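These protein sequence lines map, in sequence, to chains A and B.
Using full-length UniProt numbering, you'd call the opening residue of the first sequence number 1 and step up by one each time.
Using full-length UniProt numbering, you'd call the opening residue of the second sequence number 1 and step up by one each time.
Calculated directly from the structure, the hints in this document are not laboratory data.
Note that the coordinates shown come from a computational prediction; the quantities given were computed from them, not determined experimentally.
Glycine included, C-beta positions come from ideal geometry on N, C-alpha and C.
Keep in mind that the hints are not guaranteed to be accurate.
What the hints assert, rightly or not - Negatives, chain B to chain A, calculated, CB over 12 Å:
hint, residue
1, 12
2, 39
3, 66
4, 76
5, 81
6, 95
7, 119
8, 139
Said to hold, decoys possible - Straight-line C-alpha distance at most 16 Å; calculated EDC-like pairs for lysine to aspartate or glutamate:
hint, chain 1, residue 1, chain 2, residue 2
9, B, 119, B, 13
10, A, 82, B, 32
11, B, 82, A, 72
12, A, 82, B, 78
13, B, 42, A, 72
Chain residues, written in single-letter form:
Protein chains: 2
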Amino acid sequence: MEIEVKFRVNFDEIKKKIEALGAHFSHFEEQEDVYFKVPRPKLLRVRAIHNLTEYYITYKEIRDERNEEFYEIEFKIENFQKAVEMFRGLGYEVEAVIKKKRWVYKLNDVTFELNRVEKAGDFLDIEVIAEDPEEAKRKIWEVAKKLGLKEEDVEPRLYIELINE
Amino acid sequence: MEIEVKFRVNFDEIKKKIEALGAHFSHFEEQEDVYFKVPRPKLLRVRAIHNLTEYYITYKEIRDERNEEFYEIEFKIENFQKAVEMFRGLGYEVEAVIKKKRWVYKLNDVTFELNRVEKAGDFLDIEVIAEDPEEAKRKIWEVAKKLGLKEEDVEPRLYIELINE
């Protein structure tokens, strides 16, 4: 299971704090996500990481009220545009297109995704892959507190909801 | 557009004739196709070519009564099982699983797919990619006749229909 908590952040400030924490910079991504309309709690998207010329189909099922627990199936694909056309052919409508710049940092089994999201702002997703959601959230909050993040900084809405508001 | 005509054949006999025609052997495939239930004229499948460890998602729209003209979107994917699980997660039922061995030959812009299909028999698909379906069919029938194939050898049903009968 993928467990992640999203925080609204000040980009420059949090970047310095993540680096000061000892997390190492993994890589940078320029993402374009095409989300298709599927009934919640499901999510369906085709992602392009343009600067790495990598493309993915991702299917998720949200497992909680706060959009923190996800069952996820993701696999790499050869062609972004063809995947988008295939889903349109099957009858799916595009719900939103989200463009973001992402700086990825890692510290042990915790992944920090610092996102600059067009039309939505700056966010930090702290993510852990784990069997036990409670254990994962404990780990996430341990580092979140070290970064000075509080419960009131949590953004429980999905990017797709933030974009479409 | 993908134009193809499917013939019911005697495997050994037609293999010799294809080779005698001067077509060159391209490669061999062990295919496993998972077809999902979608309303016709659409077709949706995930294909594994096990011996080449290649996997594809294919979406087609049948454009004629004889199942010879197809609008096709196909792209390579990294993982067969995850794609199958994704479509199941989205709510698609598996309509059929088709296993076949395929010998591919080429002669100029004509592709010969000689198929040994489990539970259905032996077939030759003669395929041309072209803008103009009539021009493509003329080309197909030109070589088909040289192979001794006749109108009565045509199998207009899809593999998925042959398997499910």
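Consistency of the hints with the structure:
Non-interface status of residue 12 (chain B) relative to chain A is upheld: no Cβ of that chain comes within 12 Å, the nearest being about 36 Å off. With a minimum CB-CB distance of about 9 Å to chain A, residue 39 (chain B) fails to clear the 12 Å threshold, and the non-interface call is violated. With a least beta-carbon separation of about 21 Å from chain A, residue 66 (chain B) lies farther than 12 Å from that chain, consistent with its non-interface assignment. The beta carbon of residue 76 (chain B) is not kept farther than 12 Å from every beta carbon of chain A, the shortest such distance being approximately 4 Å.
Separation of residue 81 (chain B) from chain A is inadequate, the least Cβ-Cβ distance of about 9 Å not exceeding the 12 Å criterion. Listed as a non-interface residue, residue 95 (chain B) keeps its Cβ farther than 12 Å from every Cβ of chain A; the least gap is roughly 14 Å. Once the 12 Å rule is applied to beta carbons, residue 119 (chain B) is consistent with being away from chain A; the minimum gap is 27 Å. The Cβ of residue 139 (chain B) lies farther than 12 Å from every Cβ of chain A, with a closest approach of about 26 Å, so its non-interface assignment holds.
The suggested pairing of residue 119 (chain B) with residue 13 (chain B) is violated, with an alpha-carbon distance near 20 Å, which exceeds 16 Å. Taken as a hint, the residue 82 (chain A) and residue 32 (chain B) pair is broken in the structure, with Cα atoms around 22 Å apart against an allowance of 16 Å. At most 16 Å may separate the alpha-carbon atoms for a hinted pair to count; residue 82 (chain B) and residue 72 (chain A) meet this at roughly 10 Å. Using a Cα cut-off of 16 Å, the hinted pair residue 82 (chain A) and residue 78 (chain B) holds, with the two alpha carbons roughly 15 Å apart.
Distance check on the hinted pair: residue 42 (chain B) and residue 72 (chain A) sit about 27 Å apart at the alpha-carbon level, beyond 16 Å; violated.
When held up to the earlier numbered hints, the structure conflicts with 2, 4, 5, 9, 10 and 13 and fits the remainder.
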